[in-house]
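Asker: Numbering (mature numbering (1 follows the signal peptide of the UniProt record, and there is no 0)), first residue to last: -19 to -1, 1 to 110.
No wet-lab data here; the hints were simulated from the structure. All values reported here derive from a predicted model rather than from experimental measurement. Errors might be hidden in some of the hints.
Said to hold, decoys possible - What follows is a list of derived Cβ distance ranges for each label pair:
1) 26 to 107: 14 to 22 Å
2) 97 to 76: 28 to 36 Å
3) 1 to 42: 27 to 35 Å
4) 83 to 106: 29 to 37 Å
Quick reminder that beta carbons are idealized off the backbone N, C-alpha and C, glycines included.
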Amino acid sequence: MKRIILAGALALLAAPAAAQEVIASYYAYLSPQDLRNSRGIRLADIGAILQQDRANFHRFGLRDGMDEHDPLFASSATRARIPELYARGPGAPGYIVDLLRRGETRFVHVRIIGRGGRPDYIEVYEGAG
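Using the sequences and the accompanying hints, generate a full structural model.
Answerer: Laid out in structure tokens, this is it:
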């Protein structure tokens, strides 16, 4: 019986270590340069727009005045995961998606959620307010 109680107590202690947390966040102004890929093709997928924003920031040095640095997406390999990470998350509010798909700009707050410093998904919120 003592072994069962001890095993249960150890399991409870281990649970918080596995909890998801915000491992990074940044603000980004999604401008016309972020709405097209490097070949000039219009992007409609929000994950692809976020990926292009980070490529513009880290690789091409095309930074909008309100863009913030992030500690995760400097490498092309990690940036390549952005659409997948966005798809795993709750998505952006519908009005942000609609505005971006119409080609309008938006200021957003991006949160990367994960465990042990490894990203699991991305959340996108309105950046103002």
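Asker: Does each hint hold? Answer for all of them.
Answerer: Here's how the hints hold up against the structure:
no., hint, verdict
1, 26 to 107: 14 to 22 Å, "holds, 19 Å"
2, 97 to 76: 28 to 36 Å, "holds, 34 Å"
3, 1 to 42: 27 to 35 Å, "holds, 32 Å"
4, 83 to 106: 29 to 37 Å, "violated, 19 Å"
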